[in-house]
Each structure stands twice: as C-alpha cells, then as structure tokens.
Amino acid sequence: FVSPLAGAGKTTVVANLALAIAEGCSKVLVVDADATDDDLTARLLPGTQAADGFEQVLAGQRALADCVQPSPLNGSVAVLGPGPATPARVRGAARSKAATMLLAEAKASFDVVLIDSPALLQVADATELVEASDAAITVLSPNELIRDHLDMLDRLKLIGSDLAGYIYNRVPTRPQLSHHLRNPASFRPDGSPTARPAAYDTRPLAGRSRQSPGPGTLSRTKLKSSNTRHAANSGPTKLCRFLLRIASQE
0 FVSPLAGAGK TTVVANLALA IAEGCSKVLV VDADATDDDL TARLLPGTQA ADGFEQVLAG
60 QRALADCVQP SPLNGSVAVL GPGPATPARV RGAARSKAAT MLLAEAKASF DVVLIDSPAL
120 LQVADATELV EASDAAITVL SPNELIRDHL DMLDRLKLIG SDLAGYIYNR VPTRPQLSHH
180 LRNPASFRPD GSPTARPAAY DTRPLAGRSR QSPGPGTLSR TKLKSSNTRH AANSGPTKLC
240 RFLLRIASQE
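Every letter in the sequence shown is one number past the one before it in my numbering, and letter 65, counting from 1, is 64.
FYI, nobody ran anything at the bench for these hints, they're computed from the structure.
Don't take each hint at face value.
Claimed, not checked - Beta-carbon label-pair distances, calculated as ranges:
1) 87 with 19: 30 to 38 Å
2) 145 with 124: 24 to 32 Å
3) 145 with 100: 30 to 38 Å
4) 108 with 87: 37 to 45 Å
Each residue gets a CB set at the ideal place from its N, CA and C atoms; glycine is no exception.
Make the full structure from the sequences, and use the hints.
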C-alpha cells in the first residue's frame, strides 16, 4: 500500500483490511515497513515492546520466522514490525534483492502479505520495496495534491510496478448517503427516497376490533415476514459494512 506523502491513512487501511481478511480463516502477514512510523505495529500488537523486525531481516541479521509476532486481535494475523534503526541498513539494489527474497519466503508461509510502505515521495528507498511486491494499491486522501499524485505515478511507472487500484480514504459522507448505507430499502438506486412504509397498528390486541386491517395497515405478522425476507437478501449491506471498515478514518 503506497501513498505520495505521509498521513494518507495507509496504516488504518492495512490494519483493518488484515483483520477483515483473517476473519475468512486466511493467514495474513502484515509488514510494517515504515521505519518513520510504527503505528501499524502498535495497533496490531498493542502493549508489545519494540523488537527486531523488517530492517534486521533485510540486513540478514535475523530470520523472518524469528521476528514475526501473532496479533492478539486475531490469531490468523501475524506482524513483522519495522525494527530499530540499524547502522547496517541495506540500500539500493541490495535492498531490492533482499526485499524480493523476504517476500518470497513470506508468501510461502502466508496466504496474503500486506505491506505498509513508506511515503514514496519522502523516503528515498521506498521504491525498492514496491518493486519487489506483486502489485501496488494507492491510498489517497481528500487533501492530496494532483501534482504529488502524478509524481508518484511516474515513479511507479519507472520501476514497472503493477498498480492494482485506489482506495480513497476519509471521503466526506453526505447525510443522505449515510442513511442509505444504514437502511438501503429507504432509497431507490438513483438515490431518491422511496415512499414512507405503511404504518401498522400498535394498539394492544385487546383494544383492536376483529375487522380486517385497512388498506394502509400491515399486521405485525406480515411486517415481520417482510423484514425477514429483506434481512435474508441484505448482501449489499454486508458489502457496505466491509468497505466502510477498510476505509475507516483514523
């Protein structure tokens, strides 16, 4: 996961996406490769002290298996922290080669490997890690400058990275759209509100007449049956919850 500058929200996206994928019983490795900010490690390994991690594995000082820690939030999520700064920091072509070997080993042991990459326009050797990855996903924020985004795309194109897509983070949600996500049945596909649902009789049974309900009245039994059918077909609601979860704001 890449962004032109720091602060786009990659950490939040990667952490939530890892937990969401792990709910499907997939083994996920999260690589916190941003040595300037270990917030991802702090989120997935709360209360854990800093230990050797990504930089030490790249330098050949530690094995990958020795530095990976399981997350207490979900046992199917493992975390490779950034590790402390080391004088023997690998750079240039050697860093790209070491990153390729690290990711090859990780993919052999995990179903999915998610990488929180440093900001491409602020960290000189960030492109080596992206080059070793299978694909890049760009995380954007509303305050992003078009110029910075285009400069980042030029760098990705230069190293031949496969840009898989975008995640637009911290998108302002209109009140109408927010209500639609909570209650999809209240809006038509074009966004216009549907007619107000028919009212049903809330009086106690003892106070009701034995006459059949009027044309604008629904019995409790009929309403309950209708709601049950709607809940059984609420796939889009689950999708909305998933998309909101991985694009949640910091």
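Do the hints match the structure? See the list:
1. 87 with 19: 30 to 38 Å: 36 Å, holds
2. 145 with 124: 24 to 32 Å: 25 Å, holds
3. 145 with 100: 30 to 38 Å: 36 Å, holds
4. 108 with 87: 37 to 45 Å: About 25 Å separates the Cβ atoms of residue 108 and residue 87, which means 37 to 45 Å is violated.
Taken one by one, the earlier hints fail for this structure only at number 4.
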